[in-house]
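Peer 1: In order, the protein sequences belong to chains A and B. Residue numbers for the first sequence follow our numbering, beginning at 1 and rising by one. Residue numbers for the second sequence follow our numbering, beginning at 1 and rising by one.
Think of the hints as simulated: they come from the structure by calculation, not from any bench. For every residue, glycine included, the Cβ atom is placed at its ideal position computed from N, Cα and C. A couple of the hints might just be wrong.
Quick look at which bits of chain B chain A covers, simulated, 3 or more residues with Cβ under 8 Å [said to hold, decoys possible]:
| # | stretch |
| --- | --- |
| 1 | 8-16 |
| 2 | 43-52 |
| 3 | 64-77 |
| 4 | 88-94 |
Covered by chain B, per the in silico footprint, the following chain A stretches (three or more residues, Cβ under 8 Å) [to be verified]:
| # | stretch |
| --- | --- |
| 5 | 17-28 |
| 6 | 322-336 |
| 7 | 357-363 |
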Amino acid sequence: MTADTQPEVIVIVGAGHGAGQCAASLRQEGFEGKIVLIGEEPYLPYQRPPLSKKFLSGELTIERVYFKPADFYETAEVDVRLNTRVTEIDRGAKEVVTEDGTRIAYDKLILTTGSRVRELRAPGADLKGIHYLRTIDDVEGLKTDFTAGKHMVIVGAGYVGLEVAAVALKHGLEVTVLEMEPRVLARVTSPEVSQFFHDVHTEAGVNILYGHAVTEFKGEDRLQEAVLSNGSTLRADIALIGIGILPNMELAEAAGIACHNGIQVDELCRTSDPDVFAAGDCTEHPNPIYGRRIRLESVHNALEQAKTAAAAALGKEKPYAQVPWFWSDQYDLKLQMAGLNQGYDEVVLRGDPTSRKFAAFYLKDGVLIAVDAINAAPEYMIGRKLIGEKAKVAPARLRDINVNMKEVAAG
Amino acid sequence: MAKITFIDHDGTKRDVEADNGLSVMEAAVNNMVPGIDADCGGACACATCHVYVDDAWMGKTGEISDMEETMLDFAEDRRENSRLSCQIKISDELDGLVVTTPESQH
């Protein structure tokens, strides 16, 4: 193809949310050429957020976890190749090479390789009964061990750890959460909101131990106990490790595509190779609202970057400029977060945390940069809008629950 | 099984068939109906599946929860017949349902 003709073959590597959206967006943009979607898991693109929530609890069946039903890929004529791992990008030949040596040619390549769990390195970490949570198979494995009365040790008090703790309690397990930091959700929220989630979980019956790491897992053929950094031991029938994820950028890196904390892309999701694009968890990208490069672990980012990357692969410019947002469900709580709070110099609480309905607003130099809303949709919706506008908001008005959020937005 | 008609803000109609028990949002997403993004996958967390329910059907689409109510209240261009389509469960009763997608979601 030449610069002003359309590509004939677009290959998507990775089969997560971003990949599914790319395929859909390419067709919605009118692309009539061949789409090849390659994924190493045995499943069509599926939604990961429910895995630690309603899929683990059994409220959602696998069919409803899929991003699109199987016939979507037939109708959209997407050549889906599952159980297939891409091992190399041959940029010279414009081909991707799979594990069995098959070479698949592309005109444009979109990398949606996502992220993988950070593994805990400790003696005994491969014992039966120790789980991670990233894939459908992970959850299926965890479910076989998920029985009432068992003692579960969760390593890491991030979203995954806390969401699983909530589901596990409901299923009658006894739960201990170990966290190295002095508070839960330390990486993503303020001490005020951490305290709230600490209280919620401990009142529900979760035992949270701070400042502890696991130095060893012990058991005969399967896990029996965890040894902590202070030498004490904990009964552990099962364990879940939730200590973060890492971007899958090695494939791109090995091909000489610029990578640093993720595959480097611009606002159009273009990598350092003009024929290669990337979207989702695997990218480090510029965010115009914050004026810096960031990497995000979120569905919203995967979907929006996928739309941008699909357009860019067809020569269209749909610059990515989004307020990041995230959500988490724990017990009866819906946590909705917009923006990134790094560097905030003031946190304003609106509402009383003990009512289980409040919001924390984060300001930097008077500008609203993030909000955490707990069962507080108005605060979330208006907060997200104001963050996108880089609005200066008076703390006193944010704090005053007698001033409704629409009035706050009106300034 | 129910037939649902989605109408774009510019009047384009799309008919889809969907199984009982799914949500109207899922029916849209499964059939590539534009204008319903449903970023959160149906967790009532994002308000990107906002629809206007045809007046004749408003009484049959079920109760609006407090959460949906507040999310809708802050969605763009809310009207009396606004719903989040992820919160409308499909049943035989809804066979023939007609909804319109807002311009802001296109």
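Peer 1: Each hint needs a verdict: does it hold in this structure or not?
Peer 2: Verification of the supplied hints:
1. Closer than 8 Å: that is the beta-carbon criterion, and the stretch 8-16 of chain B has 0 residues meeting it against chain A, so the requirement of 3 is violated.
2. Look at the stretch 43-52 of chain B against chain A: 5 of its residues bring a Cβ nearer than 8 Å to a Cβ of that chain, three or more, so the hint holds.
3. Beta-carbon proximity to chain A at under 8 Å applies to 6 residues in the stretch 64-77 of chain B; the threshold of 3 is reached and the given coverage holds.
4. Counting residues of the stretch 88-94 of chain B whose beta carbon lies closer than 8 Å to any beta carbon of chain A gives 0, which falls short of the minimum of three for the stated coverage.
5. For the stretch 17-28 of chain A, the stated coverage by chain B holds: 3 residues have a C-beta nearer than 8 Å to a C-beta of that chain, and at least 3 were required.
6. With 5 residues having a Cβ less than 8 Å from any Cβ of chain B, the stretch 322-336 of chain A passes the three-residue criterion, so the hint holds.
7. Residues of the stretch 357-363 of chain A lying with their CB closer than 8 Å to a CB of chain B number 0, which falls below the three-residue condition for coverage.
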